[in-house]
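All chains should be built: construct the whole structure from the sequences, respecting the hints.
Residue numbers (my numbering), protein chains in the order written: chain X, 1184 to 1574; chain C, 1184 to 1574; chain V, 1184 to 1574.
Hints should not be assumed to be uniformly reliable.
Copies of the same chain are indistinguishable here, so a pair counts whether it falls within one copy or spans any two.
Claimed, not checked - In the DSS-like style, the derived pairs of lysine-lysine whose C-alpha atoms are separated by at most 27 Å in a straight line are: (1) Lys1353 - Lys1372; (2) Lys1252 - Lys1208; (3) Lys1211 - Lys1235; (4) Lys1190 - Lys1211; (5) Lys1439 - Lys1472; (6) Lys1503 - Lys1235; (7) Lys1537 - Lys1211; (8) Lys1190 - Lys1210; (9) Lys1536 - Lys1211; (10) Lys1210 - Lys1472; (11) Lys1353 - Lys1190; (12) Lys1372 - Lys1254; (13) Lys1252 - Lys1372.
Since the hints were derived computationally from the structure, they do not count as laboratory data.
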Amino acid sequence: MGQVAWKGFFLSLFDYKTEKYVIAKNKKVGILYRVVQLTILAYLVGWVFIVKKSYQDTDTSLQSSVITKLKGVAFTNTSELGERLWDVADYVIPPQGENVFFVMTNLIVTPNQRQATCPEVGRTEPLGSQTPTKLGSDNIPDALCQQDEDCPAGEAVVAGNGVKTGRCLKDRDSIRGTCEILAWCPVEKRSKPKVNVLATTNESYLKSCRYSTEHPYCPIFLLGNIVRWAGSDFQEMALEGGVIGIQIEWNCDLDKAPSECNPHYSFSRLDNRFSEKSISSGYNFRFAKYYRDAEGVDYRTLIKAYGIRFDVMVNGKAGKFNIIPTIINIGSGLALMGAGAFFCDLVLLYLSKKSNFYRGKKYEEVRSSTSKSLSSPTLNGNQSPEQLGGL
Amino acid sequence: MGQVAWKGFFLSLFDYKTEKYVIAKNKKVGILYRVVQLTILAYLVGWVFIVKKSYQDTDTSLQSSVITKLKGVAFTNTSELGERLWDVADYVIPPQGENVFFVMTNLIVTPNQRQATCPEVGRTEPLGSQTPTKLGSDNIPDALCQQDEDCPAGEAVVAGNGVKTGRCLKDRDSIRGTCEILAWCPVEKRSKPKVNVLATTNESYLKSCRYSTEHPYCPIFLLGNIVRWAGSDFQEMALEGGVIGIQIEWNCDLDKAPSECNPHYSFSRLDNRFSEKSISSGYNFRFAKYYRDAEGVDYRTLIKAYGIRFDVMVNGKAGKFNIIPTIINIGSGLALMGAGAFFCDLVLLYLSKKSNFYRGKKYEEVRSSTSKSLSSPTLNGNQSPEQLGGL
Amino acid sequence: MGQVAWKGFFLSLFDYKTEKYVIAKNKKVGILYRVVQLTILAYLVGWVFIVKKSYQDTDTSLQSSVITKLKGVAFTNTSELGERLWDVADYVIPPQGENVFFVMTNLIVTPNQRQATCPEVGRTEPLGSQTPTKLGSDNIPDALCQQDEDCPAGEAVVAGNGVKTGRCLKDRDSIRGTCEILAWCPVEKRSKPKVNVLATTNESYLKSCRYSTEHPYCPIFLLGNIVRWAGSDFQEMALEGGVIGIQIEWNCDLDKAPSECNPHYSFSRLDNRFSEKSISSGYNFRFAKYYRDAEGVDYRTLIKAYGIRFDVMVNGKAGKFNIIPTIINIGSGLALMGAGAFFCDLVLLYLSKKSNFYRGKKYEEVRSSTSKSLSSPTLNGNQSPEQLGGL
Chain X
1184 MGQVAWKGFF LSLFDYKTEK YVIAKNKKVG ILYRVVQLTI LAYLVGWVFI
1234 VKKSYQDTDT SLQSSVITKL KGVAFTNTSE LGERLWDVAD YVIPPQGENV
1284 FFVMTNLIVT PNQRQATCPE VGRTEPLGSQ TPTKLGSDNI PDALCQQDED
1334 CPAGEAVVAG NGVKTGRCLK DRDSIRGTCE ILAWCPVEKR SKPKVNVLAT
1384 TNESYLKSCR YSTEHPYCPI FLLGNIVRWA GSDFQEMALE GGVIGIQIEW
1434 NCDLDKAPSE CNPHYSFSRL DNRFSEKSIS SGYNFRFAKY YRDAEGVDYR
1484 TLIKAYGIRF DVMVNGKAGK FNIIPTIINI GSGLALMGAG AFFCDLVLLY
1534 LSKKSNFYRG KKYEEVRSST SKSLSSPTLN GNQSPEQLGG L
Chain C
1184 MGQVAWKGFF LSLFDYKTEK YVIAKNKKVG ILYRVVQLTI LAYLVGWVFI
1234 VKKSYQDTDT SLQSSVITKL KGVAFTNTSE LGERLWDVAD YVIPPQGENV
1284 FFVMTNLIVT PNQRQATCPE VGRTEPLGSQ TPTKLGSDNI PDALCQQDED
1334 CPAGEAVVAG NGVKTGRCLK DRDSIRGTCE ILAWCPVEKR SKPKVNVLAT
1384 TNESYLKSCR YSTEHPYCPI FLLGNIVRWA GSDFQEMALE GGVIGIQIEW
1434 NCDLDKAPSE CNPHYSFSRL DNRFSEKSIS SGYNFRFAKY YRDAEGVDYR
1484 TLIKAYGIRF DVMVNGKAGK FNIIPTIINI GSGLALMGAG AFFCDLVLLY
1534 LSKKSNFYRG KKYEEVRSST SKSLSSPTLN GNQSPEQLGG L
Chain V
1184 MGQVAWKGFF LSLFDYKTEK YVIAKNKKVG ILYRVVQLTI LAYLVGWVFI
1234 VKKSYQDTDT SLQSSVITKL KGVAFTNTSE LGERLWDVAD YVIPPQGENV
1284 FFVMTNLIVT PNQRQATCPE VGRTEPLGSQ TPTKLGSDNI PDALCQQDED
1334 CPAGEAVVAG NGVKTGRCLK DRDSIRGTCE ILAWCPVEKR SKPKVNVLAT
1384 TNESYLKSCR YSTEHPYCPI FLLGNIVRWA GSDFQEMALE GGVIGIQIEW
1434 NCDLDKAPSE CNPHYSFSRL DNRFSEKSIS SGYNFRFAKY YRDAEGVDYR
1484 TLIKAYGIRF DVMVNGKAGK FNIIPTIINI GSGLALMGAG AFFCDLVLLY
1534 LSKKSNFYRG KKYEEVRSST SKSLSSPTLN GNQSPEQLGG L
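Okay, structure coming up:
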């Protein structure tokens, strides 16, 4: 190309090219197209931007640290323990106050266990320690015996407390006995827990507010209320234990003031209380306090603690204006308008009365061999094949 | 349709239809359109793809497991405990080394508590055990009494340590007394904690590196430095406790080598240290060590532990090239260019000098009734109503 | 504008404007454009919508609560502890059953430690307590001394157990000695742990199912299997400890029935077992049981527990049909088809044989000054400069 051609090329870069339109004086299709445009605009402005705030970039990854603290004492008077006062150091496990904490509400104490041999005693839990109220099987099947050979030494009792010593312990005149085991003796007895440590919780000391529907941002809760809000009964739950989730939901619009970014609390029961025989009903665990007597022999008090475990779960998302999702949504809306125009084209070109006429106007057929028909669009009837070619 | 028509339809499917453009030799609008195109292109390439890497699909759901271990000993000499050496098993709670751990730096010991009756003693914490340095109220108001009737038996002392027995204990000649309670006796005394367990931490043993700005990936930290980096004073924090967050941020570009995927550490104080009377200032909790004497009676040592709780919080996101967000961003950019063309059309057709002329060229009005004006665009002045019709 | 003009404007709003197309009877470009269209359509329907389900809005923020429970006993017979039976309360730390739990499989017991003075004894761990099997250094270097001046009183032993008292303890006739320290005495001895608490785990009691490839949703696991699935050897891991991650992955399609939303379990070893000297190999921690003798003096049993820590990590995402991502993906696909048309235009206008002819047909050059060439497109050769002007 010569210098002149390059100059022409450079100048033509700044020519403005605009699509040529055909105006069809068809009011029906015109109104249809306007309706489509308004629908897309309403969807884009109303739903995408105002309701869903899709002009925001949302971040759901959240760093949270939960500090919990419990207050209050409880008093029990039972035959096993006598009069006993329970304070926070007694009934909160672990004591640190993290996001998961356990409040002991019931317990089975097996004091003064020592490493020794004793008969295996069947416990109340028939199949898995979850249902202390069911007295299904009297004894652990694997520990039943009629003679010493039924108790091979060194073998662990399935679902039991220890390792068999090889002896079968029988009451006199009885045929069936129980294998002797090496274990922390005496083993935990069968018993249905009856006492509730936390019979009352309203002695909790409150600073200046309590969480309620009137004070939705007060971070001080009554245990009894939490259980009630989760749809459970405190007395029933205290007996067999359970798990309660405390969901804290932050849903923040960072385009507004930080003071409008407030938590929303909700409470739900996480263990399956309806299926009494379920593996996941109730909540309990065993722990032991270890002592040493004057002779230096270890003994322990085994505690099977029933209670309510609280799981504080923090969740949240924060949205802030971001140009990229804004552009994406606007761009998608514009592209959709193109699809609307295509749809209206279909109506105009194939469903309207004068579709043939409009087809001839819209599509200008050119043939390079016959240069005489340069700018005269064809108007014959075989334009119908373009039906699928519009897009 | 006949066979011929179907053949014509099939062949016409592969005709190529291309929009007809009108070239307007208007350099102003041409340059404007090029500027719009370049702006969109620069936004798309520079901001969306290079800076924001929006060609990547990001995943923020992250599975992390944190293992922590502390080293070092501390020595204290106090009147209460005498000379005492503290090692890891003494001052780290819980000992397992999970993502939340607590280093005891101060404590109030109440040794040899037994279940008995004793007077309720007001503690230093006026409203909520958070401000041990404030000597606000001498006694717990609910435990004050003048006669036995002020101490109804069985009622728990609000914010106290036990349950009232019904007796009012008074010094001789004094009018006011304190209710007797059933509790772990003696109750915790009012006292301001003075000693710091961890007066020094530089005895920590370091393997080969320490975290610093020069070694940003070394996972060994000095406690004192962590506190300093969080903007706090170790001595002040050790006295009343506090919570420090250790944020570990992974921001990985999986399109690069894995060795470039490194953590970024940051430290911040999570409790509110500025509001001394706040409910969330400082950090402490109570726990007890249980003993049994030769007669088999339980007693315990209650420890109110002040210290620094460290919360290791892992956060991260990983991005990897994905075709879907790439296409979405390119598509949105293209759609936006269509909007740019629409904007330039508005300028050309309604703001330029020869707008009427260009309108006539761009819009070819067709009327089916008068087939004589087939391909001759109208040039009269009443084209202005199309102002809103261009889109 | 007069009333008539306004009426005309209002009516013209509902005129339908449609782009004018030029039909190029060029089968090659026509087929190319159809291929491009089909490719985009296949990508959109096949990949974006069917495979990737991008018509769904996905939420990865997940609230989970994990309840774990262990069953089974183990028996050991060692010279240090004699015959001993271990049950859940002995070997699970912490006992609560949260998402992170530790099963003690090995231990070094240091009984009857008291606060006293004794020589610092070098332990087996040369640099960081991670490699108990390596007998690298006999003594802690910082505790070695030749005279009392080498042990400045009050200084902590680096990597040691206590604070120096100022005395250098030597065997008779030997030149080198060890600093006396104030510590919990006697200090932990050098020893390689040999016993495994959990030699067998198959005594675990199982309810009705075990997790396996046949039962992928059974939530009851054998410890040995978990370790095996994580690619480790239980005996080797029990000796020096380790960390195993149990990933539970929920990938739910909420457009389907909830019963199809099931967890997927996977297991992996999280500590670095290959680097024996690494800082992160194995897993152990120290804890102590505190006792008090008849004289009221505290003593403790220090336990260095080796074992397997299990981290249950729950992860998941849920997708549900949402109109916004659907529209965005459709819109992007449509915009991409516009880019395809632009590409085909380039082929037609600059690479085909009759490119000049098609250029003249597509671009209608108008000049306002010469109104005589109104609708006759120019056909001369200097159309080539439009090469970059098509978009």
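**Prompt:** For the identical chains here, do Lys1536 and Lys1211 meet the 27 Å Cα criterion within one copy, between copies, both, or neither?
**Reply:** within (11 Å within a copy, 34 Å between copies)
**Request:** At 27 Å max between alpha carbons, let me know whether Lys1190 reaches Lys1211 within a copy, between copies, both or neither.
**Result:** Close across copies (17 Å), not inside one copy (48 Å); limit 27 Å.
**Message:** I want to check one pair: Lys1252 and Lys1372. Are their C-alpha atoms no more than 27 Å apart within a copy, between two copies, both, or neither?
**Reply:** The answer is between: 20 Å across copies meets 27 Å, while 33 Å in one copy does not.
**Prompt:** Between copies, within a copy, both or neither: which fits Lys1439 and Lys1472 at Cα up to 27 Å?
**Reply:** neither (53 Å within a copy, 50 Å between copies)
**Prompt:** Within a copy, between copies, both or neither: where do Lys1252 and Lys1208 come within 27 Å Cα-Cα?
**Reply:** neither (75 Å within a copy, 77 Å between copies)
**Request:** Up to 27 Å between alpha-carbons, please classify Lys1353 paired with Lys1190: within, between, both or neither.
**Result:** Classified as neither: same-chain Cα gap 114 Å, cross-chain 99 Å, threshold 27 Å.
**Request:** Go through the copies and call it for Lys1211 and Lys1235: within, between, both or neither, with a Cα cutoff of 27 Å.
**Result:** neither (33 Å within a copy, 39 Å between copies)
**Asked** For Lys1210 vs Lys1472, is the C-alpha pair at or below 27 Å within one copy, between two copies, both, or neither?
**Response** neither (88 Å within a copy, 88 Å between copies)
**Request:** Tell me, please, which holds for Lys1503 and Lys1235 at an alpha-carbon limit of 27 Å: within, between, both or neither?
**Result:** both (12 Å within a copy, 15 Å between copies)
**Asked** For Lys1372 vs Lys1254, is the C-alpha pair at or below 27 Å within one copy, between two copies, both, or neither?
**Response** For Lys1372 and Lys1254, only the inter-copy Cα distance (17 Å) is at most 27 Å; the intra-copy one is 32 Å.
**Request:** With 27 Å as the alpha-carbon cut-off, assign the pair Lys1353 and Lys1372 to within, between, both or neither.
**Result:** within (18 Å within a copy, 46 Å between copies)
**Copy assignment of Lys1190 with Lys1210, given that the CA separation must stay at most 27 Å** = Only across copies: Lys1190 and Lys1210 sit 14 Å apart there, 46 Å inside one copy, limit 27 Å.
In this structure, the earlier hints numbered 2, 3, 5, 10, 11 are contradicted, and the remaining ones agree with it.
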